[in-house]
Structure formats: structure tokens, C-alpha cells
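These are the residues of each chain, in order.
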Amino acid sequence: MKKNLVYLGALIIILASCNKAETPSSENFDTLTSEVLSDFPAFIAIPQYGDLYTKASELETSVEQLIATPSDDKLSTARQAWRDMRSVWEKSEGYLFGPVEDNDYDPQMDTWPVDYVQMDSLLASSNPLEVSDIQALSTLSLRGFHPVEYVLWGKEGNRSAASLTDRQKKYIHSLSTDLKNICKSLSDSWNPAAGNFAQNLINAGKPGSVYATKLEAYLAITEAIIGICEEVGEGKMEEPFAALDSAIVESPFSGNSVTDFKNNIIGLQNVYFGKWTIDGRGLNEVVASRNMNLDNGMQQKIATAVSSFDAIKLPYEQAIFDQRTQIMNTQNALADLKDALENELKPFLIQNIRD
Amino acid sequence: MRVQKTLIVALLVSTPGLFMMCNKPGEFAEENYDPRLSGGAATVFDATSKSFSHMIEGLKEYDGHIHELGDGQFEQTFVTAPAPVNSGLGSVFNNVSCISCHHNDGKGTPTAGAVNSSLLFRLSLDGHDDHGAPVAVPGYGLQLQDVAVFGKQPEARINISYTETEFSFPDGEKVNLRQPEYTLYNPYYPMPAAYYLSPRLAPPVFGLGLIEAIPESTILSYSDEKDADGDGISGKPNYVWNPYTQKTELGRFGLKANAPSLQIQVAGAYQQDMGVTSYVFPNESSAGQSQGDVLKDDPEIPDSIMNSVVFYVRTLAVPARRNVTDADVSMGEKIFTQINCSGCHQPTLYTGVNVNLPTLSHQRIHPYTDLLLHDMGDGLADNRQDFLADGKEWRTSTLWGIGLFQKTNGTPFYLHDGRARTLEEAILWHGGEAERSKQAFVQLSTTERKSLIRFLKSL
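Which chain is which? The protein sequence lines are A and B, in order. For the first sequence, position 11 (counting from the first letter as 1) is numbered 11 according to our numbering, and the numbering increases by one without interruption. Convert by adding 355 to the 1-based position in the second sequence; the result is the number in our numbering.
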């Protein structure tokens with residue numbers, strides 16, 4: 001009995017000392033957790049939404065050049081501008097919380113599917129197609145990325161510049177301006193000089209922030225990355241995969257779907273590391289400061305999920321028939337990642353962030 | 356011998372204990388329950404903007420797939436028929452997807468006719484039909500569709516204006532109350548001289564499987580139509596016609612408890628709000644009207660999709676309470692009972708047994724509703740009858756999750772038409788059977804009032 005007590009005592013001392021050696025002082029930890037929250041707007045949301053606005057302006061310019069003097073070269077420039085803007089947007093879907101969800105910017109830009117019947121009757125009509133007319137349309141399935149995609153690529157992906165009608169040209173011009181305007185509002189909503197949603201993260205836990213505690217802000221970020229992981233693996237990929245239906249693939253005209261999916265998960269990765277173009281402090285530092293093993297595991301699972309997309313070589317609408325194993329591998333990697341986010345990262349945050 | 360004696364003594368001591376356990380399963384003293392578990396086993400620990408969107412635990416793998424299928428469908432945008440995907444929108448409608456009104460599976464925004472609008476209007480003429488249902492307005496039906504696909508005309512447009520009045524608490528704190536006024540304009544077809552109009556804001560859709568599982572006998576036990584106990588609160592069940600089962604049933608869902616089942620609620624939303632037909636309601640909302648379509652594509656959604664969306668809302672978990680041990684939250688909870696808010700907003704109910712969904716079965720839940728109709732006074736009256744609900748009666752709203760509306764919606768809106776922007780405003784609009792409680796609320800000290808609000812925000 002006495003011997004046992006001695007062992008027990010030794011064990012407690014060992015455990016206690018292990019604990020101390022790895023743990024930064026709680027003061028440093030609190031500073032770190034605050035810095036990560038203020039880096040989120042500074043290094044991710046504000047610069048990234050700013051880039052989204054720049055890319056939207058570039059799309060608008062390329063569309064203007066296309067419709068001024070149509071040529072297949074200008075058409076491919078416009079298509080590339082669409083892809084470039086799409087890439088920033090899909091990466092920003094790694095954190096769908098705050099103004100983007102509160103003010104419905106997501107459906108305004110990215111409603112799917114395209115309403116062909118309405119679009120045909122709109123284009124066949126004499127209804128004016130100025131930006132204000134576009135904004136007055138009753139459904140969002142006539143606005144945003146996908147109608148632009150449809151006009152730039154055509155239903156079979158083989159549109160030629162010469163075949164664009166005057167009304168199609170006017171329509172995508174106004175759509176691209178509309179997209180640019182929405183991106184401006186979205187970008188402003190985070191900016192300290194305008195909507196300043198940033199202050200909610202910077203001041204999390206203080207009066208005036210929508211987050212009553214810092215933990216709430218961390219959980220908002222975590223639920224957002226869990227959400228996108230689920231959306232890609234169990235929604236966007238699963239639905240056409242399970243139904244064997246290429247009609248329900250997200251970006252079918254441009255064949256851009258696999259890139260879209262991968263960019264969503266790169267967006268998640270960016271959130272974890274706290275970076276857009278410049279590396280700020282991210283969740284990884286918070287985790288590593290108290291549990292190196294968990295951080296390693298998270299990093300590895302994210303990297304596995306991101307790289308798994310590269311095995312899907314075919315456009316997604318074909319891959320659901322011919323590369324099912326590769327799709328399932330990616331879905332498994334996403335399921336593993338989601339499981340780790342929910343059952344390891346989230347409990348870690350709840351346990352460690354006490355303010 | 357000694358051993359036997361011990362055994363007998365042990366038996367004697369333990370037997371009453373055993374019997375006590377057998378006697379009242381699941382009923383312990385209040386402090387032995389975790390107060391955070393608003394939905395019992397169907398509770399989820401998440402207080403973010405996604406807190407209304409979680410699947411309950413414990414579903415079988417196959418059921419989980421059905422939930423996910425319904426989740427995906429809940430977000431689908433419908434487009435004009437004929438289309439390869441999500442065909443069947445309109446021709447007249449209120450919005451294009453479930454999620455565009457039930458933002459984050461939560462409550463909506465009280466505007467009408469815009470792409471993010473979540474307010475719809477029920478219409479009717481005087482009287483009721485053979486089943487006790489409201490009488491449809493010729494050319495319009497029972498709901499106004501204020502949006503139309505390109506080339507068609509909305510049935511009418513709605514203008515919403517608010518008149519603000521200032522209310523002062525005895526301690527001097529002021530609250531602005533806004534009374535809405537709704538005006539129809541640009542009708543596509545002549546409106547009758549007299550009609551009834553009732554605004555309905557999209558409510559949250561989580562926890563509905565638990566509400567569905569509350570035994571009828573429990574709901575009826577709260578009913579006190581003649582107010583025999585003299586507390587000023589009567590409480591009346593709504594009995595409504597179920598067009599699918601062709602029976603009169605107890606109404607549970609909807610702001611006036613006018614929907615008997617989740618199936619009717621969901622199918623009604625597809626048909627009336629989006630113009631999408633299903634096996635439950637195979638006719639377009641605009642059938643027989645000049646703008647109705649002539650396509651032979653009904654039902655527009657497969658039965659499996661319809662059923663998966665019903666299953667989805669049935670299996671959405673309830674968010675756990677926060678800050679339950681804070682002193683002011685506990686104080687607010689006591690006040691909630693003291694001023695008899697709990698007279699209608701029943702804190703604790705038990706669900707019945709459901710062998711298919713154990714997580715929803717025999718759960719101790721805290722929805723804060725009795726699911727009965729109550730006279731809420733002139734301020735909130737829509738003056739429109741809906742089965743047994745008269746023009747002043749509304750079904751007691753659930754309060755679970757009410758503290759998270761800001762998270763799920765950005766700007767929170769309360770009450771049936773979203774007129775209240777704060778919980779104080781929402782309480783101050785209570786009248787009729789809730790008048791006594793409202794007056795008691797007004798008379799609370801500043802600290803007590805703040806505690807009550809803190810308690811509500813912990814839900």
C-alpha cells in the first residue's frame with residue numbers, strides 16, 4: 001500500500017512536471033489567443049475580401065473588353081478572369097460566418113442552379129438589362145457567378161465569341177458590375193473604416209462584440225471550417241456522386257467543380273494557419289502551444305484532404321462515373337478531417353480557452 | 356446463518372429502494388438534471404451561427420443519410436419548370452428555397468417580396484368551410500404569393516410601414532415599440548372589398564421532432580378553456596383538418612397551430628411558399644388561376660425528397676443553454692415562474708415513446724410552450740380566424756434557442772411578424788391572457804428585469 005502511494009506520488013510529480021514544461025504561462029496563452037483573433041481580420045478576411053473585389057473588377061473589365069470587340073482571345077481572358085475570381089471566392093468559403101451569412105452575400109453571388117427558362121425569357125424579352133434591372137429580378141438564380149459562367153461557356157462549354165448576342169453581352173456586363181458591387185459591400189463590411197465586423201473578433205469577450213467570450217469567436221471560426229468540410233464532402237461531392245447525375249454538379253459549364261472543391265478546403269487550411277497571402281498567427285499556434293501532437297495531426301489531415309483532390313483528374317461530372325475510388329478517397333479524407341475538427345480541435349478549444 | 360441474516364438485512368434495506376426506482380423512472384429532483392439539456396438527449400452543444408443546424412445524436416447510419424439528403428434539399432434553390440434540376444418554382448411564390456426564409460435553420464427577416472424576405476401573408480374571407488378551414492379568396496387562395504417568375508405578375512405587392520411609440524419603464528428606461536401596417540398594392544386581379552390578412556414570419560425549424568413527440572394528453576392537460584383556476588390564462592387546443600389523412604387532428608405546428616403534422620407543414624411550404632408540388636399537395640398554389648401553369652409535371656418533387664426534408668426537420672437537435680450557473684440567470688429563471696410567464700411558456704415537458712428514434716423518445720425537454728392557443732390581446736391580433744384560433748389567438752411560441760437568434764440571423768427579430776427587435780419589446784407586446792404577466796414584468800426592478808432578459812438569452 002505504502003509502495004503504491006509512493007508510485008502514485010511519483011506519477012503525480014512526473015505528470016505535473018510534464019504539464020508545466022509544455023505549457024506556456026497562461027498570460028502568454030491569453031495574449032496569443034487574442035492575437036490570433038485580431039490576426040483573423042487583418043491577415044485573412046480583410047485582405048481576402050479586398051482581393052475578391054479586385055478580381056471582380058478585373059472580371060468586369062475583361063467582360064467590357066470582350067463585348068467592345070468580341071474575339072475568342074478576349075472570351076478566354078474573360079473566362080480566366082471568372083476562374084480567378086471564383087478561386088478567391090471559393091477559398092473565402094472556408095469561413096462563411098459574419099456579414100457573408102448575415103447579409104446573404106453568399107446567395108447573392110453564388111446561387112445555383114441557373115434558371116434557364118427564366119433566363120431565356122428574360123433574354124428574349126425587351127426588359128431593360130441595366131444593373132438596377134438585374135438587381136430588381138425576382139430570383140437570385142438569374143444573378144451571380146453561374147449565369148455569367150453559362151453565358152461565357154455555353155451549355156456545352158463551347159461558346160464562341162461570335163455567337164454572343166447583344167442582349168447576352170449586356171446581361172453579363174451588368175451581372176459582372178453587380179458582382180463587383182456585392183464584393184465591394186462584402187469587403188466594406190469587415191473594414192474598420194466601414195462596417196467593421198473586424199472589431200467583433202478583435203474585441204471578442206468585451207462589450208460591443210457579438211462574441212460574449214473569446215471562446216465564442218473561436219467556436220464561430222471552428223464551426224465555419226467544420227461546415228465547409230461537411231458541405232464539400234457530404235454535399236457538393238456526395239449528391240452528384242450518389243445520384244450518378246452530372247446535372248447536379250456545381251460548376252458544370254466551366255468544368256471547374258474539382259477546383260472549386262479543392263479551393264474550399266484550401267480556404268479551410270488558410271483559416272487554420274491564419275493566412276491569406278501573408279502568414280499571420282492562426283489556430284495552429286494556439287493548438288501547438290499546448291498540444292503539439294494535436295497540431296501535427298490537424299496539419300497532416302488538412303494536407304491529406306487538400307492533396308487528395310489532385311487524384312481526381314477528370315472533370316467532376318465525368319469523375320462521378322469513371323473515378324469513383326478517387327472521389328471516395330477524398331470524401332474519406334474529408335470525413336477524417338471533419339471528425340478531427342469536431343472531436344479533437346473543438347474540445348481542445350473549449351478546454352483551453354477560458355475567457 | 357450469519358451470512359443469511361446479513362443477506363436478509365441487505366434485502367430488507369435495498370427492497371424499498373428498488374421499488375422506488377421502479378415506481379417513477381426518470382423523475383428525479385430538479386437539481387439532479389442538467390439544466391443545459393433543453394432537448395434532452397437531442398441537445399447539441401453549439402452556440403454559434405450554426406447552432407440550429409445539427410443532426411441529433413444516435414441516428415442509425417441509414418437515417419443519418421436521409422437527414423443529410425434532407426439537409427441538402429433544404430438548401431436547394433428551385434427554378435422555373437421545365438429544368439433538369441430543382442424544377443418547379445412558381446409561377447407565383449414567396450421565396451425560392453427553404454433556407455432563404457429559414458436562415459441558418461432559424462428565423463427570418465420581416466420584409467416581403469425581396470430575395471431575402473421571410474414574411475408571408477395568409478388571406479381569407481369571412482367564415483369557414485366544411486372542415487373549419489378559412490375560406491379562400493377567389494383568384495388568390497389562402498396565401499398571397501408576392502413574387503413571380505419573369506413574365507408573370509406577383510399576386511400583389513406588400514408595403515410594410517411601422518409606427519413607433521415610446522414606452523417608459525418606471526425606472527425611466529425607454530423602449531421603442533413599432534406597430535406594423537401592411538398595405539397591398541398592384542393586385543393582379545381585383546381584391547374583394549373585405550378580406551383578412553395575417554402576417555407570418557418564418558420560425559426556426561429545429562427541435563420539431565420533439566414537439567411532434569409530445570403526447571396529446573400532455574398538451575390537453577394544460578388546456579383550461581374556461582379558466583377554471585382563475586389565473587387569467589385559458590389555453591385552447593386547435594383542431595385542424597388534415598387534407599392528407601382526411602381527418603380532423605390536433606394542430607401543433609405553425610404560428611396558430613394550424614398544421615397537424617410536419618408532413619403537412621413542409622408540404623404546405625413547398626406548395627404555397629415556393630410553388631412546388633408534392634404527393635401531399637399535388638396541385639399548384641396557382642391552379643385554376645389565370646397565371647397557373649399548364650405543365651403536366653406534378654408532383655414536381657419526388658416523394659423521397661419530400662420525406663427526407665420532413666425527416667431533416669424532425670431530426671434537428673436543440674441547442675444547449677449557456678451560463679446556467681450565473682447568479683442573475685438563475686434569478687431570472689425564478690422571476691420567469693414568479694410572474695407566471697411559465698403559465699403558457701411551460702418549461703418542462705416529456706416526449707412520448709418512439710421506438711424508431713430513441714434520441715427523441717421519452718425525453719425531458721424544455722421547449723417553453725404548452726402548444727395551446729392564447730388570446731394575446733389587440734396589439735398582436737391579426738383578426739383572422741384559422742380553424743379554432745380566433746383573430747386574437749396565437750400558439751405559445753417555443754423559447755428554446757431564443758438567445759441565439761442574433762447568432763443565427765445577424766439581426767434578431769421576434770414575434771409572429773418580426774416587429775420586436777429586442778426581447779423587452781417582445782414581452783411588452785404581450786396582452787390578453789399575458790397581460791398580468793406583462794404588467795408584472797413592467798413593475799420589476801431594473802436588476803430583476805435585466806435578470807429575466809439574461810435568463811431568456813441563456814435559452
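If you are wondering where the hints come from, they were derived from the structure by calculation, not from laboratory data. One thing to keep in mind: the hints can contain errors.
Short, incomplete list of chain A residues facing chain B, as computed with Cβ under 8 Å [as the list claims (entries may be wrong)]:
#1 28
#2 107
#3 239
Where a beta carbon is used, it is the ideal one built from N, C-alpha and C, also for glycine.
- Item | residue 107/A as chain B interface residue, shortest Cβ-Cβ below 8 Å | 7 Å, holds
- Interface hint for residue 28/A, Cβ within 8 Å of any Cβ on chain B: 27 Å, violated
- Task: With chain B as the partner, please determine if residue 239/A meets the hint condition of a C-beta pair closer than 8 Å.
- Result: 6 Å, holds
Taken one by one, the earlier hints fail for this structure only at number 1.
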